[in-house]
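J.: Sequence:
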Amino acid sequence: MSFTDAIRGLRDGDSDSSPPPDPPHPPDSEARGEPAAEAPLSVTEVCRRVNDALLGIEGGPEIRVEGEIGSCSLPGHWYFTLKDEHGSQLSCAFFSPRYRADSETPTPRVGMKVIAHGRPEMYAKGGRLSFIASRLREAGLGDLHQRFERLKSDLRDRGWFDPGLRVELPPFARRIMVITSGDGAARRDVEETARRLWPGLQLLLVAVPVQGQAATPKIARAIRLARSRAAAMGVDAIILTRGGGSLEDLWCFNEETVAAAIFESRADAVAAHLVGGPPPVPLVAAIGHESDSSIAEFVADHRASTPTQAAMVLVPDAAEQSDYLHSRQERLRLLAQRGVERARGRVDVAARHEILRRPARMLDPHRRRLDEGGRGITTAMGRLLEVGHARLERLESRLQAVAPARSVEEAARRTDVAEGRLTRGMNAAIDRRDTRLAHLAEQLRLVGPDSVLSRGYALVLDESGRPVRDAEAMAVDDRIRATFARGSVVARVETVEAVEEVGSDT
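Sequential numbering from 12 applies to the sequence shown in the working numbering.
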């Protein structure tokens, strides 16, 4: 049935084409030749026929209406108006059992472009025409879903989702860098969870916008900066997070720019570690709610369903750790107690042994062997002395037969030769020490302050002449002296830049 046919049905009554039976007695007006007047319809009957006509449009299936939400009332059932560029408006209703059963239903807000599925209906008591929605979707989300799937497939083919590339999470993170909105719910969730689980944990906030086209390059830059400086700042892990929202709200985390920042910064950190740099720091992504998914989460080292879970996977529960340590302590105490009891039993058994009760008997055999050994040593010493005396006498007779003058000359010659060798060896050793000393002096010169200054660096001193190592030690309008390789300058501090640090009580 077309809409025209449906409206015609309002005029003609019910769609039943069979004519009613003729009355046995025509009214007097017909007898007088006057046309018969139709009985008037009640308001309820008119509303019923309007609803029947509306429900019969295009044979009965639901229709789709696209428009912009002009106003909305959300508590309980949703009541809102749809408008278009021509100024036309349509009142709509979306009842709570319907939208609660559909997890993909977006929360309406003024200005949102949506496509509503449903049927028009005439509300008899109010005399208003309303569109009763059975399904609601944001307009344009079909294109976003296609872009999401295309990029997801492309990055998977490139190997960006390979689990073998992911950096392992630390067993116990003591300092975590959080990249999120400075005033969002995600930041509060991470901070509250960390404070509850481990009060001594330190959090460093990198505040960035997390929604809109302008957020994408800022998020990517924050990721690269965090990865490059994490190890130097003592950071054990990085959390990239934001709260829930529609697909459009979360879209900046589905851009290839953000995915490339995560993937490439990790590759740079791993490459630096292979040549002696610090180990790479893992990045945990928690974008939206548990039902949401993003490209950034697929590329990250670990995915968490919510900001709260992101903190939980990195921070141990202090209460659980305390219970675990107490249980291990009790187990060690029991093991030690059992060991002592077993040792005491062995001591008791040994104490009852004959040797321990009468130890002198154990020493008697050793005394006998000692006496025998003493007598043998005395005999051997006597024999050695006799042999020594005989040898000495033979040597004395041989010495008298040899001229002592020749022996002295030969000894002097050998002494001169030895002295020459010793002198040459000492000179060679001194030359080697001199060469090494000159080499070390050159190395010391290369790492000295003059050499460092000659490569373009500067030595910054405060007003009292002490070196400045930390920017936070300075204040605006402080005077500093910068010494270069040639000359120096005196300057005044205009700004002090430092990374904001947010943490729980230590």
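Don't take each hint at face value.
Keeping only pairs whose Cα atoms sit at most 27 angstroms apart, straight-line, the calculated DSSO-like set for lysine-lysine is [what the hints assert, rightly or not]: (1) Lys136 x Lys94; (2) Lys163 x Lys124; (3) Lys163 x Lys229; (4) Lys163 x Lys136.
Derived CB-CB ranges, DEER-like [stated by the list, open to error]: (5) Ile143 x Ser239: 40 to 46 angstroms; (6) Ser239 x Asp194: 24 to 30 angstroms; (7) Glu115 x Gly175: 18 to 24 angstroms.
Rather than coming from a laboratory, the hints here were simulated on the basis of the structure.
Positions of the beta carbon are idealized from the N, C-alpha and C atoms, including for glycine.
J.: For every hint, state whether the structure bears it out.
T.: Hint check results:
no., hint, result
1, Lys136 x Lys94, "holds (24 angstroms)"
2, Lys163 x Lys124, "holds (26 angstroms)"
3, Lys163 x Lys229, "holds (22 angstroms)"
4, Lys163 x Lys136, "violated (52 angstroms)"
5, Ile143 x Ser239: 40 to 46 angstroms, "violated (55 angstroms)"
6, Ser239 x Asp194: 24 to 30 angstroms, "holds (26 angstroms)"
7, Glu115 x Gly175: 18 to 24 angstroms, "violated (33 angstroms)"
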